[in-house]
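Order-wise, the sequence lines are chains A, B and C. Per this note's numbering, the very first residue in the first sequence carries number 1292; after that it's consecutive. Per this note's numbering, the very first residue in the second sequence carries number 161; after that it's consecutive. Per this note's numbering, the very first residue in the third sequence carries number 71; after that it's consecutive.
In short, the hints are calculated from the structure, not lab data. Note that the Cβ used here is the ideal one computed from N, Cα and C, for glycine as well. Be aware that one or more of the hints could be misleading.
As the list claims (entries may be wrong) - Only pairs whose alpha carbons sit at most 27 Å apart, straight line, appear in this in silico DSS-like list of lysine-lysine:
1. A:Lys1332 with B:Lys226
2. B:Lys199 with C:Lys199
3. A:Lys1332 with B:Lys223
4. A:Lys1539 with B:Lys855
5. B:Lys171 with A:Lys1536
6. B:Lys189 with C:Lys191
7. B:Lys226 with A:Lys1293
8. B:Lys292 with A:Lys1293
9. B:Lys333 with B:Lys348
Stated by the list, open to error - Covered stretches of chain B, going by a simulated chain C footprint (3 or more residues, C-beta under 8 Å):
10. 168 to 180
11. 689 to 702
12. 710 to 719
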Amino acid sequence: MKLCEFVRPASLSQARASLRKLGPKGMPLAGGTALHFMPGKTPVSAVDLTHLGLSYIRQKGNFFEIGAATPLSDIQRYRGPRWAMHEICRRISTHQIRNVSTIGGNICRVFPWADLPVVLLAMNARMVIYSGKLKEMDADEFFSSQPARLFRNGDLLTAVKIPVLKAQHGFGSVKATRNAAAFSMVTIAALLELKGGVIAAARVAAGSAIPFPKRLRSVEAALTGKEPSAETFRAAAALAGTDAKWCKQEGMSAEYVAGLAEVSIVDALERAAEFARGRTA
Amino acid sequence: MKRHELAKNFKQVNTSVTKIDAMQLALGKDSYVADFLPKDALVIKMLWSPHAHARIKKLDVSKAEKMPGVKCVLWHGNVPRIVHCTAGQGFPEPSPYDTFMFDNKVRFVGDRVAAVAAETEEQALAALEAIKVEYELLKPVFTLAEAMAPGAPVIHDEPEAHVPIPITYEPKKNLVAHVACEAGSFKKGMAEADFTFDETYETPYAQHCPIEPYTSMAQMTPAGRILITTSTQVPFHCRRIVARTLGIPVQKIRVVKPRIGGGFGCKQEILLEDVTAMFALRTGRPCLWRFDREETFRTGRTRHPFHIRLRTGVKKDGTITAIALECINNTGAYGGHGLTVVSCSGGKTLPLYHCDNILFDGKSYYTNLPVGGAYRGFGATQAFFAIESLMDHMAEAIGMDPLKFRQLNHIRPGEGSPIFQALGEGREGVPMTVGSNALGECIVQGAEAAGWEKRTDWRGKTGRYRRGIGMCCLMQGSSIPDIDMGAATIKINEDGSFNLNVGATDLGTGSDTVLAQIAAEELETATDKMIVYSSDTDMTPFDVGAYASSTTYLSGEAVRKAAADAKRQILATGAEMLGLKVEEVHCEDAHVLNADGSKKVSYSDIANYSLYQKNQYQIIGTASHITKKSPPPFAAHFAEVEVDTLTGFVKVLNYVSTIDCGTAVNPALCEGQTEGGTLNGISYALTEEYLFDEKGKMQNASFADYHIYSMRDRPNIKAILVPSYEDTGPFGAKSVSEICINGPAPAIGNAIYNATGARLNEFPFTPEKVLKAIKAVKK
Amino acid sequence: MKTNTCSVSLSINGEKKTFATRPDEKLLDLLRREGYKGTKYGCGQGTCGACTVIMDGRAVYACLLYSMQAEGRKVRTIESMGTYDKPAPIQQELVAAGAVQCGYCIPGIIMSATALMETEKDISDEVAKEYMDGNLCRCTGYEKIWVALRRTLDRAAAEPAKKASPKGGKK
């Protein structure tokens, strides 16, 4: 696409109105880094969302609320009780990209290599969408298919709410890459709840090596009720193939990637279990 | 850093003098080609072939020519059809003349089709889309096996293709080059061995990835000549080859190289300047052509992939009885550098170890893939992967420590090798005995720094993450003897400063500084008294350019001789001014003085006297140099790795690069070359590769998908300079820049073996390959 | 399809300026066109760092920003950093350490390092590497760049804190 107009609305409602007026010729613009992955010459008008007060991180009761236009580097630097978002954010691309790329930009139009959708699925995050008024949608529904579908009519993502991890809950993620800044070969995120020595609940999500990020339900089912041991994790990870069809990556076979995913799932679960047992994030 | 005994009195050389242009670059001053863009410059864009092998049946540029802002369109129908070679080599080139500015055939995805010069980039790109091309697709050749097969499609079937010197060239068989030699009898040597080996190795494509992409600008001067300002390693070859391809005299062209943003060999090529110059000539406007990053990957020159068969024989006592090195390189769609790279794969490696029976066979073939060019290491990189991997294998068979095995067998000072004469670069080589050689000391110092003593066998290692240490020994060369020439002039100014004009090409290596140090040492003055101007075909004397590790050893000696020439004149005038005989005076600290120092006169006084006052003349020294040998630098590398045995991921923890480069003229710059080349070698071994689709298109043409290391990825690299003294080099110097890139692939490969027992015969050592090899290990 | 010209107003190296531009012009192209040529083109895709500038205190890729995204913002380029007579500490250290080879990556590295020093206190190796991970160098292997950076950080930590004031836009 080709930028032919730059609009800077003064409020959220103005932004939505502009987008509704522009229709398919309008495009919300936060950091803008994703625009460079959209080739072609279709003229679009960019509606700038970076002056609407949507860049913030705050804890409100049982949730952290991150404004949709918050750059990843802010999320990387933030520290809060049992905060875990920095782990993945510091692994996304490079410093200059993290300074400009926003959480909203990473999840409103999901590219195959995106890490944040995987993390937010695991964390059971809630997205706040403005459609004239604010409404919340959980991650499972938001990422049930390409989220861009939700924003074609001018609606906007305003914030992402992430539950504060309670005690006995732990989060772990693994991003397998060739170099620090490379696109992920496999991204795994896991959230475990431990109770009475066993896994009471598990959310395990995967991305990058599959067409679209998703939860691995068979893996989750194989974890629930079991002890958080290496054997449990390996047995559960071995089921990942029933949930996900792994693709070849970077010249390496799908078979290899499936094996890598299995190892990464075990690693992510180990980390989540450590976290849950009380290691500080 | 310890100084060699013979270097201990040097004042300018063997000192880490500040690089002359460092502050200019750190301040961001206008320095590179694109910084000098005139406001009225046109933008050039090229239509590249989407097909690997096709004839152009029809090409219609009429619509494009009429589009807004378009000033000129070039294609095979409106430019001279003059066959030439794009490789930056001495004339006549040891490479096929198989290239045209524009041809009616395309030979790889990324080959030239037609070009546009327009007022803006947008207009140029729009015009490209209006060019109509009809192709007749031809069967492509994508592998060496396909290229060599009887009845294979002929990539260069044009009648004009030929070689300008009598070397093997059979384009009908896609054979670009063949060079072979034998010393002793390989068959006999194998019969004497207790253990014999026969292994095959593959080395991959890579791109140099200079951070400044190919950039070239041309404009007409008021006098009607063409001024080419270009990011090149070879300004003089550029001038000659552009003259040929445009069909105009050399006299009409001036080539200037400003600062350039890296080259590593890919800019030893005349890849842009012919088209840029033609546009300037046709439009009368300045024209800029800058490759974007994708074009640099696809169309830019690359490292030749090699297929290597290595056979050796070894006795229980460690004697290597036979070596047969058979190398075949894939030179891609055009043949420049094909012969010289394959020659160097034997010539710059086989002398390293004693062996009475050595057989070498080197071939180069065309394919319809990106074009191999000159890349740091130049064939030695590829061959050392095979040789140094097999050295470890041999050592294990006879139960010897691989370090001791190498210590036993490596070439010593004063020794020669039949290979030096047998393998030159296009011609016969030059017989040579090795003068300076501190390889023994490199091995010892490197082993200590790397903790070689604590190395244990892989069979005892357990756990998911396993560590290993591997090593290799290396050599390279310094210049191409009897073939390459460099020259310098140096003249004095009133304040005792000097203008040093050299053809030699600084591509960021710091050669301007190194040459200034050499001149200053010879002239007994300070390096900062030198004003260096380099690489301007009008204003500086000839130099072949920056390649073959020749700048310090060859151009440096030309500079020293020119400085000595100027010094003779300074002494004569100084003596005259002091009323003494020339034999009674000497130079010291920018003065001419008598033995006891009671009478002296400064260089500044001498300059004023000789320029203005009496018997006036310009004190100016001029000299040229051809080398008579190519003394090898030597190195020993040690890599410590950690392997994740569940995923196959390999991490380099520590890397030690020792180097004997004779006298290190500027130790900081020598370390910088060693550190940079080593890291390049590490990513070449682990993460760099060209991924092609089934149509021969390179798929990962960006830094996002072609992985080179950032500051966050880098392992600890320790460069250790081990001094020696090369009598034939300026103040004892040899080369330093290429050798270091040869080490990481074999050293890391050997380290992976030491960690896991897995041997890999091809790289990059991707996680999948490593994991597969680990699973195949039998305890 | 018509492309409009429009204008963008921003502070560049401390000076408020207004430039003619187009909605699809990249900040890198505008900067170089207007004479700030220390900022380099290396890839145009936000992968090499040669075009790094500081915008509102953050290191960013000028090739990935549209010029209009700089509207009303403060941009700093390498031209703000120092002079021959008074180079900035990071420039002095890079030169002294022998860390400048071809130099093409250096302005970008200087800007990223500057953003690091102006944002973080008590800079560990890990944090420093995260700030510098978007600047590729092919010449040096990063060894001497790292030495120079570490020296500059240690020097800055030893000095009393002062707010960096951008110099007037010297081209």
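Do the hints match the structure? See the list:
no., hint, in the structure
1, A:Lys1332 with B:Lys226, "21 Å, holds"
2, B:Lys199 with C:Lys199, "39 Å, violated"
3, A:Lys1332 with B:Lys223, "20 Å, holds"
4, A:Lys1539 with B:Lys855, "18 Å, holds"
5, B:Lys171 with A:Lys1536, "67 Å, violated"
6, B:Lys189 with C:Lys191, "30 Å, violated"
7, B:Lys226 with A:Lys1293, "24 Å, holds"
8, B:Lys292 with A:Lys1293, "24 Å, holds"
9, B:Lys333 with B:Lys348, "32 Å, violated"
10, 168 to 180, "holds (count 3)"
11, 689 to 702, "violated (count 0)"
12, 710 to 719, "violated (count 0)"
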